[in-house]
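K.L.:
The chain contents come next:
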Amino acid sequence: MSATETVEPTEDSSPEHTSPEEQVWLGLYRQLFRIRSFEERAYRLFMEGLVKGTSHLSLGQEAIAAGFGEAMRADDYTFATYRGHAHTLARGTPMTGVMGELLGRANGVCGGKGGSMHLTSVEHGAMGSYAIIGAHLPIANGAAWSAQVRGTGQVTVCFFGDGTTNIGAFHEALNLAKVWNLPVVFVCENNLYMEYTPIGDVTAVEHPAADRASAYGLESIIVDGNDPDVVFEVASTAIGRARDGGGPSLIEAKTYRHGGHSRADPGTYRPDEEVAEWRARDPVPTYRQRLRDRGVAEGALAAIETEAAADVDAATEAAKAAPPPAVEAAYTNVWADGGAAWRN
Amino acid sequence: MSATETVEPTEDSSPEHTSPEEQVWLGLYRQLFRIRSFEERAYRLFMEGLVKGTSHLSLGQEAIAAGFGEAMRADDYTFATYRGHAHTLARGTPMTGVMGELLGRANGVCGGKGGSMHLTSVEHGAMGSYAIIGAHLPIANGAAWSAQVRGTGQVTVCFFGDGTTNIGAFHEALNLAKVWNLPVVFVCENNLYMEYTPIGDVTAVEHPAADRASAYGLESIIVDGNDPDVVFEVASTAIGRARDGGGPSLIEAKTYRHGGHSRADPGTYRPDEEVAEWRARDPVPTYRQRLRDRGVAEGALAAIETEAAADVDAATEAAKAAPPPAVEAAYTNVWADGGAAWRN
Amino acid sequence: MAELITYRDAVARGLAQEMRRDPSVYFLGEDVAAAGGGFKATKGLFEEFGPERVRDTPISEEAILGAAMGAAMTGLKPVAEIMFSDFLATCWDLVAVEIPKTRYMTDGQVTLPLVIRTANGGGLRFGAQHSQAVENWAMAIPGLKVVAPSNPRDVIGLLAAAIRDPDPVMFFEQKSLYPTKGEVPDGEIVDELGVARTLRAGQDVTIVALASMVPRAMAAAEELDEIGISAEVIDLRCLVPLDTRTVVESVKRTSRLVTVEENPRLVGWGAEIVSIVGEECIWHLDGPLTRVTTPHIPLPSADALEDEFLPSVDRIVEATQKAVQ
Amino acid sequence: MAELITYRDAVARGLAQEMRRDPSVYFLGEDVAAAGGGFKATKGLFEEFGPERVRDTPISEEAILGAAMGAAMTGLKPVAEIMFSDFLATCWDLVAVEIPKTRYMTDGQVTLPLVIRTANGGGLRFGAQHSQAVENWAMAIPGLKVVAPSNPRDVIGLLAAAIRDPDPVMFFEQKSLYPTKGEVPDGEIVDELGVARTLRAGQDVTIVALASMVPRAMAAAEELDEIGISAEVIDLRCLVPLDTRTVVESVKRTSRLVTVEENPRLVGWGAEIVSIVGEECIWHLDGPLTRVTTPHIPLPSADALEDEFLPSVDRIVEATQKAVQ
Ligand SMILES: Cc1ncc(C[n+]2csc(CCOP(=O)(O)OP(=O)(O)O)c2C)c(N)n1
Ligand SMILES: Cc1ncc(C[n+]2csc(CCOP(=O)(O)OP(=O)(O)O)c2C)c(N)n1
Ligand SMILES: [Mg+2]
Ligand SMILES: [Mg+2]
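First to last, the sequence lines map onto chains A, B, C and D. Just so we're aligned, residue 1 is where the first sequence starts under the numbering used here, counting upward by one. Just so we're aligned, residue 1 is where the second sequence starts under the numbering used here, counting upward by one. Just so we're aligned, residue 1 is where the third sequence starts under the numbering used here, counting upward by one. Just so we're aligned, residue 1 is where the fourth sequence starts under the numbering used here, counting upward by one.
Don't read these hints as lab results, they were simulated from the structure. None of the values given here were measured: they were computed from a predicted structure. Backbone N, C-alpha and C define an ideal beta-carbon position, used for all residues, glycine too. Hints may be right or wrong, so weigh each one.
Over the 10 Å line for every Cβ pair with chain D, so calculated as not near, a few chain C residues [said to hold, decoys possible]:
1) Arg20
2) Gly50
3) Gly127
4) Asn263
5) Gly278
A short, non-exhaustive set of chain B residues, derived as facing chain A with CB atoms under 10 Å [said to hold, decoys possible]:
6) Glu172
7) Leu176
8) Asp201
Isolated chain A (complex conformation) (with noise of 0.2 Å):
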């Protein structure tokens, strides 16, 4: 549905009356529809040229970061890649900066100097996307590292594709965060294809992530990546064991994306029937008819439609608005200092 469609005003939606279950559904929901929203529209400010460079949407494969944006502790962290506008949006962090940031603008999260694929709000517990594959694995296990001796009972929380899968950090990193029994999740969004290769060509196992958890002394898990229910569940239990001291988990979530791997991708090497199956099971509009058959009034629905909707609209003005960053800003932040200077 779309976002502007008229509000039932009967049905009673307010929070007081929803149950703890119906909570944590609404704020899935309010995850899902707000992460789309806000995608369709950056999709929408690539194609008229706002937006520069290259962009990786998670069209479709929303409910993974919704559902661990849900069962996240505000002070947890989380790494994500260059696809990395949902989980980045999923911890909170406000539309605006990440909307000024895809534009190069000065109100961007990172003042225009990171990007699309570069979304970071440590304020938000976003530690940051990074676009070396593999590369934020290890850094991962620092943060969970870091949060285990200095005994914060944070945990870390680590997104990365099935392609990632075959890079040598994977490994290093899966085997250093068993070893020293690391609170850290590993979430591997299986999306079956690396940029345009099927990643079944090119991996010697059917499951990239789940198929190689016996070789870190781990359980293997696949879960349904386009149900936020169960993304919520494997999330909760994983978070909860790290908190609790159980050490790492790797989960591999199926899911898949409804566009290209980047902007400039039209996806077309993927066969239209596969194409159409998951189309079919797209976790926004699937959820929402699930909410509904729960009994969850449409009202309730409406409302974290028209917020988001509301949102996206005010984070594309703001940032349309704002200025280009000032080209002084370059030479800021290379050091703690906020300077550039390598000399004297």
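Following the hints, complete the assembly by docking chains B, C and D with the ligands onto the known chain A.
P.N.:
For chains B, C and D with the ligands alone, kept in the frame of chain A given last:
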């Protein structure tokens, strides 16, 4: 026994009178004894200061190189590590060039440019010894790939240690080998330690290679790396399968080094009982006894020993007598044109 | 006869030229086969040469270069693609420690006829991890040849030379140049490595540039002409082998040197050119040895910032004026 | 009071000094704990600080630096050991692409107070894969500070400064210096990064050296004195921040520059020093800008060859004489 012990001249030990089976046994013993003799001498020469730099001995681990050496075809490829004297000799590389290389002499297999850690004899299929942990596993794949597309039936055997299973290159290489169905045999010599740290302290699984085989769609294979017969058999099977298009194998051979990690290391971090237990399983005397028990003539063994001793002596003398490389030699063989020029 | 083609299409054409000629040339990389490469620079090769000779790989840069190296040791002539030059860092051990040293360490027993192609440099708003110009990293490593063409014709000629060369060659394609067009003659094109090209003669100053900086240096030279400064422009084309002769002779005539590079300020290849000139032509110099570089910062992604930091025509003009004063 | 200790022992002492002072300093690496490190440079730390703060790792260089980086982002001050600087190539993505760029890409949201210690350089007959001097690799990367002490006192003072610095610092220990001894004062030693030290005043030529080349440059200066050449010797100590002021002022007085580095010929740090001088002091120069380097070859292992190729006192003397002529 010492190599100079008197040989009983009455027993008939000429090859014509040995069975094919016995010829394999004698071949294995010959490998074992030659490698042992060479390395004991090398150790002495290090201690005398004649070998500079560092060196890593296989004393105690010889059965693995021996078993594979005997199972390989002359045109097969070997890739070894800095602990590569054994594997280089096992392919039939004459001792003289190896000893010369250790002493940094002009007659060394690499003209003194490689040293102990980089022994290579392409003529004998010894495609190099690599000193960066894990680096040669992907390179071994390349040789196997080339043999595959050239259709030569050559098999590549790649040796490495237990500690090497934790570096990224291991993971990348194993996955690609399986995906491309390469004729390559990966042999993990698990001597229980990386340098000074027990492998169990830094590894998520008990058997660092075998417990990871399934992550690459491979069979889990563990063998007694101190038993030349067992190694020969598993080597023959794996090499045969690779030659017949059956793809890669990963073999974990349990073994132990008698000495420290490298020249500088006394190896005192290891429990005395552990050292004693493994010394009791020293493959050289153990296998000698086994062959005697099987009725192999003392003379046949003694002849091997005498020949090895003589070869070691000759190699030592030749290396000592050889001049150091000419200074101009340092400017040769950077490029295929023989030179080192980077400018006109 | 000549044709106007893009730098991007020149890559596929150069590769096809050599793959037709030499059946031992194999090509491998991520998404290079049916997909034709992340930059679509290798379209058509899979269709013409098939899955044996044009191979998709996992995302395993070390495995890619390892496969190339081992194959080169044993009879093939592999061309490996590393999608972005930034990713060379993930396989730097192969690039810097295995491939360039093995011939030497084995005293010539092993020869490594291989090419590593990669998309290098900035200008596409890809941010700090996908925009680096790292040809200086490769130049620092003894045992690597380093090539970086500035135009479609050179892409073909130098790629052919790289593939025929018996040594490992790092082939840097500047990604901002992919859509640019240039004239390419019909038939086989094969150049020689290590030969710079003087694109424009001049008396007052020698400007040495590479890859994407070449068109900018040429544009700057035109502008300088208008204000009475006659600039000689040299397209280096290769960093190793380095055509020092062309550079040194030019500077001896013009007495002034400006290098223009995409590398960040410290120890870019410009520093090497300056140092050679500073040692060998010191008595001929009539102005400060001047480098135009990207500042020593990671490249920011916003277009407003990125444009400011890659050496622009204006900055080249300004720096050259200063050098000539 | 002062004590004579080895460069090797100074490493452990510097680390212990900082670990005592700041409980957020953690140390990790391969065989660094009970074993005290491959070079025994960290002996005693495990005993004093225990297995929490002194951690053995698997042979996983990317995991080591990843752990350091993630920990630095979130409140610790990790010191990571990469046993040989050659192995930086196996984790170069972390060194060159993640660690130095993250503060910038996040516009200062992330700060990375970490140190990467590593044994650098040749002279021990370890061959081409264990002997590289790669401080120039690090210098080329915006966002890294680069330190290379030449004596035990500086090891402590600069290591302390590196650990206290809020930015990532590459700390290159020259492995041939480990057994060398030097005087070290009692009590805490803390230096400032980016301050070169003029070890010897002179009028005729400025010799700029680093790490293992410092004692050789000093010995060369003595010999040059005997033949009437008065050399000023500067120990750079840091490549980033770079004390250009000390170098430039010296060259303005002496009019001549010789750099002495272990890096192979092309784009070593000497080229950067030469380029800065060639741009900023060109009118003061009275001799060719001269670099003494290792030739552009992989380092051979045989002692007879290795000795020939690392810059020797003789080669420094000879090159300086030529520069002064
Ligand atoms: C080391 C490295 N190699 C290659 C790339 C180029 N690249 C970017 S995304 C991508 C595919 C990643 O696939 P996957 O891990 O499945 O993640 P997805 O994009 O499907 O979410 C590749 C190959 C890269 N960024 N880093
Ligand atoms: C990338 C890299 N890291 C570290 C080292 C230092 N190193 C040399 S041998 C060694 C231990 C290797 O252990 P293992 O693989 O078990 O082989 P072994 O020496 O026991 O035969 C280490 C850490 C290296 N050479 N390369
Ligand atoms: Mg994917
Ligand atoms: Mg071992």
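K.L.:
Now tell me if each hint is right for this structure.
P.N.:
Evaluated hints:
1. Arg20: The claim holds: arginine 20(C) sits with its nearest Cβ about 35 Å from chain D, beyond 10 Å.
2. Gly50: holds, 33 Å
3. Gly127: violated, 7 Å
4. Asn263: Non-interface label fails for asparagine 263(C): nearest chain D Cβ at 7 Å, not farther than 10 Å.
5. Gly278: Violated, since 4 Å does not exceed 10 Å.
6. Glu172: holds, 5 Å
7. Leu176: This interface hint holds because 8 Å falls under the 10 Å limit.
8. Asp201: holds, 8 Å
Violated hints for the displayed structure, listed by number in ascending order: 3, 4, 5.
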